[in-house]
Amino acid sequence: MTAEALGKKLRCRCHSVLVGLYRRGLVQRQHQGRANVYLASNARTDEAQRRVLAAPVTAVLPAEIAVMVLAGFIRQPSAGPAELARRVSARATVRIEAEQIRALFAHHGLKKLLPLRPSAS
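For the sequence shown, counting from 1, position 80 maps to 80 in the working numbering; every step adds exactly one.
Derived from the structure by calculation, the hints contain no laboratory data. Don't take every hint at face value.
[Unchecked claim] Below are the SDA-like pairs computed for lysine to any residue, each with C-alpha atoms no more than 20 Å apart in a straight line: (1) K111 <-> A63; (2) K111 <-> A71; (3) K111 <-> A48; (4) K8 <-> G20; (5) K111 <-> P81.
Produce the entire structure from the sequences given, and follow the hints as far as they go.
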């Protein structure tokens with residue numbers, strides 16, 4: 001995260017704290033655009049964070065559309081991202097891509113689970 005993004009989340013200014021952590025080697029930073037992005041000092045976490053930074057930015061869905069996607073998933077949990085995109089696009093008369101749905105689930109830390117099947121006993 002940038003100092004600005006972290007400050008918004010925490011509702012306080014944190015630039016000087018992040019600079020101090022960087023100088024002590026407790027976080028890493030990477031210059032991106034006009035700001036520094038602060039990353040974990042742990043190699044595995046840092047690697048995952050750098051992959052996220054390198055990934056193409058997917059347009060964030062408006063809240064109303066995100067709710068429709070989640071409601072569609074609740075109604076039919078076996079539907080994949082492409083099917084959910086098709087259904088919501090038809091219902092909301094907007095165009096949604098499967099990748100946006102994957103990004104929505106990832107952004108909120110949701111894992112698309114397959115429905116449980118009753119055991120044949």
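Evaluated hints:
Proximity of K111 to A63 is assessed by CA-CA distance (about 19 Å); at most 20 Å being required, the pair is judged to hold. At roughly 15 Å between alpha-carbon atoms, K111 and A71 fall within 20 Å of each other, so this suggested pair holds. Annotation: proposed proximity of K111 to A48 holds, straight-line Cα distance about 17 Å (limit 20 Å). In summary, the hint linking K8 to G20 is supported, as the alpha carbons are separated by about 19 Å, within the 20 Å threshold.
Taking the CA atoms of K111 and P81, the gap is near 12 Å; set against the 20 Å cutoff, the hint holds.
In terms of the numbered hints stated before, the structure departs from none.
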